[in-house]
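**Student:** Below, each chain spelled out in residue letters.
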Amino acid sequence: DTAVSQTPKYLVTQMGNDKSIKCEQNLGHDTMYWYKQDSKKFLKIMFSYNNKELIINETVPNRFSPKSPDKAHLNLHINSLELGDSAVYFCASSSRGANEQYFGPGTRLTVT
Amino acid sequence: AQSVTQLDSHVSVSEGTPVLLRCNYSSSYSPSLFWYVQHPNKGLQLLLKYTSAATLVKGINGFEAEFKKSETSFHLTKPSAHMSDAAEYFCVVNGGGADGLTFGKGTHLIIQP
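If you're matching them up, the sequences are chains S and H in order. So the first sequence is numbered by the numbering used here: it starts at 42 and just counts up by one. So the second sequence is numbered by the numbering used here: it starts at 1309 and just counts up by one.
No wet-lab data here; the hints were simulated from the structure. Just so you know, even glycine gets a beta-carbon here, dropped at the ideal spot from N, CA and C.
Reference excerpt, derived from the structure (chain H facing chain S, CB under 8 Å, subset only): (1) F1342; (2) G1351; (3) G1408; (4) K1413.
Simulated crosslink set (BS3-like; lysine-lysine; CA at most 30 Å straight-line): (5) K82/S <-> K1377/H; (6) K63/S <-> K112/S; (7) K63/S <-> K1350/H; (8) K63/S <-> K1413/H; (9) K1350/H <-> K93/S; (10) K112/S <-> K50/S; (11) K63/S <-> K1357/H; (12) K85/S <-> K1350/H; (13) K60/S <-> K82/S; (14) K1350/H <-> K112/S; (15) K85/S <-> K1376/H; (16) K81/S <-> K1366/H; (17) K1357/H <-> K81/S; (18) K85/S <-> K1357/H; (19) K1350/H <-> K108/S; (20) K82/S <-> K1376/H; (21) K81/S <-> K1350/H; (22) K1413/H <-> K1376/H; (23) K50/S <-> K77/S; (24) K60/S <-> K1350/H; (25) K1350/H <-> K82/S; (26) K93/S <-> K1357/H; (27) K112/S <-> K1357/H; (28) K50/S <-> K1413/H; (29) K85/S <-> K1366/H; (30) K50/S <-> K1350/H; (31) K85/S <-> K1377/H.
Generate coordinates for the entire structure from the input sequences, incorporating the hints supplied.
**Tutor:** Spelled out as C-alpha cells, the structure:
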C-alpha cells in the first residue's frame, strides 16, 4: 500500500534518447510535484500540477515535460537526454490546504 | 521569496549523545517549516512539521524542533543519537502560495559508535 510510487527506480540511458518516469499516488491528493536532486544532494522543484494545471515551472529546459493523465498520476517525460540530466528525480504529492508533501522513493537517472 | 540555510553540511556525534542540526529560514509570509530525513539510497521521509501551532514540535524517532520567530530558526534536536539516525537531514520552508517547498542544502549526520 505504497503512498507515492515511482517507476523505474533506476534508469540508465544514452545521450540523445527520450525517456519517461512514472509516478502514482494513492493518497487522494490533488497536487503532485517533481523534484530534481543533484549530486550534491540539493533538491529543487521542477514542476507542480494541481487539477491538471501546471502551476509551477521553474527554470527547467523544455526538454522536460510533465504529463498528468489523471489526478493520481504525474509522469515526467524527458527528450534528448543530456549528461547533465543525470540525477535523482523525486515525485511528491500533497492535499489542498496542506503544507507537507509526501515523497516517492526516487528514480536515479544516469545518462552516459 | 523564501530561503533556508542549514548551518552545518556535516555533523558527527557519538551514539547516545545529543544531536543538534541547525536551520535558519527567511520568508515573506508566516511560514510552515519541516524537517525531512533521507537515508542512503532512500526517499524523503517527513520527520516533523511546524504550522503556527505550538512552537515546540515533536516528530518521529524521538526528534523535536523549536520554532523561534525572533531568531528565524528551526533547529532539530534529539536527546540521544542512535546508529540508525545516520542520514541526510533537510530543513524545508513553505512560504505559501504556489512556490512549493524550498529545501536547505542538507546536513549529513554521522553517528560514531
